[in-house]
Structure formats: C-alpha cells, structure tokens
Amino acid sequence: MTDSRQWLGRYGEDRACEYLVGQGYNILDRNWRYAEGELDIVCSKDHTLVFVEVKTRTSLATGHPLEAITRSKLAKLRRHAANWCAKRQVANSQVRFDAIAVLVTGGRVQIEHLKQVL
Amino acid sequence: MALARVFSIGLFGLSGTVIEVETDISAQLPAFVLVGLPDASLAEATSRVRAACTNSGFAFPSKKVVVNLSPASVPKGGASFDLAIAVSLLGAMQTIETPTDDAVFFGELGLNGAVRAVPGVLPMMLAARSAGFARAFVPVGNAAEAALVSGIEVLPVPTLAELVGYLKGVSSLPRIGAVASALVAQGVAPDLNQVIGQGQAVDALIAAAAGGHHISMIGAPGSGKTMLAERLPSILPKLSLEEALEIAAVESINSDGQREMALNQTPRFVAPHHSSSMAALIGGGSGSPRPGAVSRAHRGVLFLDEALEFNSAALDALREPLEAGRVVINRSAGSALFPARFQLVLAANPCPCGLYGVIDRDCKCSIPAIRRYSGRLSGPILDRIDIRLTVQPVSIGAAVGLGGGLVSSETAATAVRAARAAASERLSGTGYLLNSHVPGPVIRRRFKPGQAVVAELDRMLATGRASMRGYDRCLRLAWTLADLDGATTPNREHVQRAVAMRGSDDLMGNQ
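Chains as they are written, first to last, in the working numbering: chain F, 1 to 118; chain L, 1 to 511.
None of these hints come from the bench; they were simulated from the model.
Treat the hints loosely; a few may be bogus.
[As the list claims (entries may be wrong)] In silico SDA-like links for lysine to any residue, alpha-carbon gap of 20 Å or less:
#1 F:LYS76 <-> L:GLN28
#2 F:LYS73 <-> L:PRO30
#3 F:LYS76 <-> L:PRO30
#4 F:LYS115 <-> L:SER62
#5 F:LYS115 <-> L:LYS63
[As the list claims (entries may be wrong)] Some, not all, of what chain F presents toward chain L, calculated at C-beta under 8 Å:
#6 HIS64
#7 LEU66
#8 GLU67
#9 ILE69
#10 VAL95
#11 ALA99
#12 VAL117
Just so you know, even glycine gets a beta-carbon here, dropped at the ideal spot from N, CA and C.
Just need the whole structure built from these sequences, with the hints factored in.
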C-alpha cells in the first residue's frame with residue numbers, strides 16, 4: 001500500500017472517529033490488528049457494541065465508497081468482531097455492525113453513516 | 001417515500017398476467033436485488049437497468065434497491081420487464097413522478113439506454129387491454145405491432161431518456177403515423193394456374209379447400225406434390241382481421257422481436273422438415289412454452305412432406321390438435337393453450353424408392369419393404385384424412401400438349417368461398433362451420449341425401465369395400481362436392497366422385 005493511500009485511510013478514520021464522538025459514541029479501540037486481520041473502529045453507545053468499517057474516497061470515479069463493502073468483507077468483519085470479543089472477554093453485549101463512508105473532495109469532508117449493515 | 005410501483009405484463013404461452021413492479025430504496029449497503037421468481041435472463045435485468053440508468057444521465061442510488069415482481073408465485077422470464085423496472089426505480093428515486101396506474105411498460109433496455117424490441121408484444125397488448133389499461137409504453141420497434149390492438153393508446157419509446165422527458169412533461173415521444181391501414185399486408189401465394197395437367201389433383205385440392213378436408217398425396221418424386229400443396233393457401237378464404245390477429249399473436253411470440261409485423265390476411269403455409277421434434281411440431285420448449293408448427297399453421301395449411309419419414313411419436317401427437325383445433329402444453333407452472341386449427345396436407349412417396357405404381361417405371365422395392373414403409377402412418381391419423389390422392393408424374397410430352405393451367409387461384413377461391421357459404425348456411429345452428437368438422441352420426445342423421453342417391457354408397461358398404469368410417473368420409477366429401485356445384489343436395493355423380501377421391505382405407509391405395 002502506498003503512503004498516500006495509507007494516509008488517506010488514516011485521515012478518513014480520524015474524521016469518522018470525530019463524527020462518532022460527536023454523535024455520543026465512546027471509542028473503545030482503533031485499528032485493532034491480529035493474525036487474521038484488522039478492525040477499523042470499535043465503539044459503544046447505549047450498551048451496544050458497534051463495529052465500524054470505514055471507507056474513504058477522494059472521488060466517485062470508482063463508485064461510491066459504500067459499494068466497496070462487499071459481502072465477503074462483511075463476513076470478515078463479523079469474524080474479526082467475534083475474535084475481538086473473545087480477546088477482550090466481552091460477552092452478553094448487544095452488537096451492531098455499521099459502515100461509514102468518508103468522501104474527501106476539495107477540502108470538504110462528507111460523512112455517511114449506515115447503521116446495522118449486517 | 002422511496003417506493004414506487006408500475007405495471008407490466010408477463011406471458012405464459014399466449015396468456016398474459018398483469019405484473020406489478022415495485023421498487024423500494026432503503027439506506028443500506030448498496031445493492032440491487034430482484035425478487036419474485038425471475039429466470040436467468042430476467043435476473044440479468046439488474047445489470048442492464050443499472051447501466052441504462054447511468055448512461056442515460058440518472059445517477060444510480062448508492063443504497064439498497066429492491067425490485068419485487070408481483071405476484072411472486074408466477075414464474076417470470078425474458079427481458080421485457082426492463083423498462084418497467086427502470087421506470088419503477090426512477091419513480092422510487094423521485095427522478096420522475098411515478099406514472100399513473102393506467103399505463104403498462106414493455107421493453108428490453110440496452111446498456112446505452114436504448115429501448116429494444118421484445119417478442120410477444122401482441123399477446124401482451126391483448127392482455128393489457130383486457131386488464132383495462134389505457135396506455136402502453138412499448139419499444140419503437142414494436143409500436144406498429146402493438147397498434148394492431150385497438151382500444152389502448154400506444155406510446156413508442158426510443159430511449160429511456162426520452163421516456164423520462166415525456167413523463168416529466170418536457171418532451172414528446174415519436175408519433176405512430178397513420179398505421180392502421182398500412183398495417184394490413186397481403187402475402188403472395190403462388191397461383192394454381194401454374195400447375196400443368198393434374199386436373200384430378202386440382203379438383204381434389206379445391207374440394208379440400210371448400211370442405212376443410214385433410215388431404216394426403218402419394219406420388220413419385222417430381223410428381224408435383226409440393227407444388228400442389230403450396231397453392232392451397234391461395235384458394236383458401238382470406239382471413240378475417242380477427243383471425244389474422246390470432247395468428248399474429250402466435251407469430252409475435254416466435255418472433256425475435258426485431259421486425260415490425262403487419263397483419264397478414266393470407267392463410268399461412270407451414271412446412272416443417274421431417275426431422276422436426278415433437279416440441280417443434282406441437283409446441284413446447286423450456287421456460288414459457290412456445291407455439292409449434294401446428295399453431296403457426298393455425299387457419300392455414302400444415303404441409304408434411306415426406307410424411308412417412310417423420311418421427312412416429314411426433315406424428316401421433318398431431319391427433320389432439322386435429323381433433324380439438326388447439327394444443328394444450330402442461331407445465332408445473334401452468335398450462336399454455338395455443339390455437340391449432342389447421343388443414344393437414346400429407347405427402348409421401350409410394351415406397352422407399354419412390355416408383356411403386358408409377359406408370360412406365362420399375363419399382364425396386366420388395367413387397368415387405370413397401371408394407372413397412374406405408375405402415376408408418378398410424379391409423380388414427382389416417383382416419384382423419386378425407387381425401388387420399390394418388391399423384392402421377394406428368395410426362396414432358398403431355399405437359400407440352402396441355403399448355404398452361406386450367407384453373408386460376410382466383411376462380412377457384414371464388415368457388416371455394418361460395419361452397420363454404422352454402423355449407424355454413426346449411427350447418428347453421430349445429431355449431432359446425434365446414435363439412436369436414438361434422439361428425440359421422442350427425443351427417444348420417446341430419447344431412448343424408450335421398451335414398452336413391454346413396455344407394456351406391458350403401459351397396460359399397462354392404463359388399464365390404466368401405467368401412468363405416470369410410471362411408472362417413474364419402475358422405476362428407478359428397479356434400480362438399482355438391483356445395484361446389486351449387487346443388488342443394490348431393491346427386492349420384494357427387495357420391496361417385498367422392499368415392500373416387502376418398503381413395504381406399506389404405507394410404508397407398510391398395511384395396
């Protein structure tokens with residue numbers, strides 16, 4: 001992955017976090033990595049654990065950022081979430097999977113938040 | 001509310017069902033889902049509609065689009081729902097106002113947004129009319145065909161963008177010109193006066209046309225069987241507009257959807273090859289059943305050349321349409337009914353080498369081989385053939401002497417029309433139209449000529465030369481010959497000619 005794309009992904013996740021905090025979410029973890037993969041953002045609100053997949057784009061040329069979240073990506077998200085819960089010994093909590101699209105165009109940042117995508 | 005509904009028509013065979021195309025757009029991960037029992041070609045509509053919308057300048061929503069085709073229990077197929085899906089989608093996107101419930105949409109979408117012609121528009125239009133729709137948006141390529149159905153406004157659609165312009169009220173759609181009269185085309189059938197000699201065969205052909213009798217022709221190769229059969233449509237009465245529409249509906253399903261179709265009032269001549277499968281002959285196929293040769297020959301002529309070479313199972317399947325005048329094809333999804341009231345013309349060689357019984361020629365076939373050959377046609381089919389003709393080749397010398405044909409198609413057609421009129425007047429109230437349709441008991445009881453006239457027939461019956469069934473056939477034929485002569489009842493001569501024309505109970509003319 002090139003530096004600029006890494007930077008963009010990081011930038012998008014930062015904006016998504018700011019947005020989530022603004023919405024009253026409590027950020028529990030960011031870029032949680034383990035052998036099988038990575039979770040972008042883990043947060044909570046109203047006793048619900050929320051796993052968020054963030055997609056950032058600078059244009060719509062290759063389609064909407066949310067279109068990049070495929071079925072197989074969602075399946076992975078679910079597996080990583082289970083592993084996160086196991087590692088952190090979290091149980092009996094309500095879980096939700098969300099997607100956030102960050103569109104960065106000409107200095108403007110647009111955020112789209114889809115709840116319960118799985 | 002991101003919900004819209006428009007209508008289309010789904011076809012199963014010739015019958016149409018109104019299909020509701022509902023679209024819901026919800027804020028979920030982008031997806032385009034088509035539900036409601038679509039087949040493979042319909043499931044691909046998602047890709048076509050998406051590309052057509054994008055390329056027509058309408059941004060496809062980055063949301064979850066669910067299109068439902070209702071009633072969900074009816075299997076649906078083909079690309080004709082594309083246009084309805086696109087309009088429903090654009091309605092749900094609020095790009096346009098959802099069209100009113102009095103409109104139906106048919107058409108396949110190209111990736112560039114062009115609306116392409118689809119097969120089966122005519123039966124779809126008939127279904128739309130009987131369901132009470134007032135407007136039909138159809139592909140430009142199908143507009144002329146759609147306009148054959150009166151009582152419903154036809155709006156030709158060239159492209160998706162132009163349709164949207166029209167629905168928004170900012171532009172108009174192309175007009176269908178004064179098409180109604182130009183639509184009636186006259187097919188050209190070859191003329192009877194091109195036949196040299198063969199006076200007996202020409203007479204038999206005219207009798208066949210007048211009474212609607214099925215006919216078989218046995219003769220050596222080159223004796224003119226095909227030539228004679230091809231000329232039968234030219235002496236059959238012209239189809240009424242209603243009958244022509246019936247046939248156009250069958251042809252519409254079989255069309256590739258690309259040509260404009262005019263209403264052809266000439267009876268069709270359909271000559272399937274002897275390698276035809278049962279499905280090709282009777283109708284069938286996967287998915288929605290398609291009409292076969294018998295339905296394409298509806299109200300026309302079905303010519304089976306080399307009839308003995310046909311698959312015997314396929315030939316036997318002709319019995320149902322011969323009897324009922326229609327074909328019913330049953331599927332787990334339902335039954336499709338196709339009209340199939342045709343006039344059967346069978347042609348065959350007398351033996352495998354083709355020369356058995358030909359004057360001045362030697363047949364090389366053994367007697368058992370000839371028996372086997374002629375035995376291929378089953379009795380039940382043979383029973384329905386009233387006229388059995390043996391055609392002898394015309395020698396070159398005779399042909400030069402005979403010069404041109406004796407009867408023109410026009411003269412013959414006039415005689416046929418008059419004879420049919422006389423028959424239908426006599427048969428009025430019985431529910432039959434043609435002499436050939438009248439069952440034996442009815443013709444024996446109600447339409448028996450004077451005792452003196454049928455004395456000869458009775459004598460034949462008594463000496464065992466004709467079966468009871470053969471007797472009925474003679475009587476039917478005699479009536480047809482009387483109708484052709486303008487006689488009110490058959491006389492002795494009509495009966496004698498009928499006996500000769502009927503031939504023997506055996507296809508090959510063996511007594």
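* Distance restraint between LYS115 of chain F and LYS63 of chain L, which requires alpha-carbon spacing of 20 Å or less -> Satisfied, since the Cα-Cα distance of roughly 12 Å is no more than 20 Å.
* Assess, step by step, whether the Cα of LYS115 of chain F is no farther than 20 Å from the Cα of SER62 of chain L, and give holds or violated. => Roughly 15 Å between the alpha carbons, so the hint for LYS115 of chain F and SER62 of chain L holds.
* May I ask you to test the interface hint for VAL95 of chain F with respect to chain L, counting a Cβ-Cβ separation under 8 Å as satisfied? => violated (17 Å)
* **Evaluation of the interface hint that places ILE69 of chain F against chain L, nearest CB under 8 Å** => With a minimum Cβ separation of about 6 Å from chain L (threshold 8 Å), the hint on ILE69 of chain F holds.
* Hey, does the VAL117 of chain F contact hint survive, CB to chain L under 8 Å? -> Holds: closest Cβ of chain L sits about 5 Å from VAL117 of chain F, inside 8 Å.
* Hint consistency between LYS76 of chain F and GLN28 of chain L [alpha-carbon to alpha-carbon, up to 20 Å] -> Between LYS76 of chain F and GLN28 of chain L the Cα gap is close to 18 Å, so the pair holds against 20 Å.
* **Per-residue hint verdict: HIS64 of chain F, partner chain L, C-beta under 8 Å** => holds (4 Å)
* With a cut-off of 8 Å, does the beta carbon of ALA99 of chain F approach a beta carbon of chain L closely enough for the hint to hold? -> holds (6 Å)
* To do: Below or equal to 20 Å on CA atoms is what counts here, so check LYS73 of chain F against PRO30 of chain L.
  => holds (13 Å)
* Asked: Regarding the hint that LEU66 of chain F lies at the interface with chain L, is the smallest CB-CB distance below 8 Å?
  -> holds (5 Å)
* Can GLU67 of chain F be said to touch chain L, with a Cβ gap under 8 Å? -> Interface hint status for GLU67 of chain F: holds (5 Å vs cutoff 8 Å).
* Given the hint that LYS76 of chain F pairs with PRO30 of chain L, does the C-alpha gap stay at or below 20 Å? -> holds (18 Å)
In summary, the structure is inconsistent with hint 10 from the numbered list given earlier, while agreeing with all the others.
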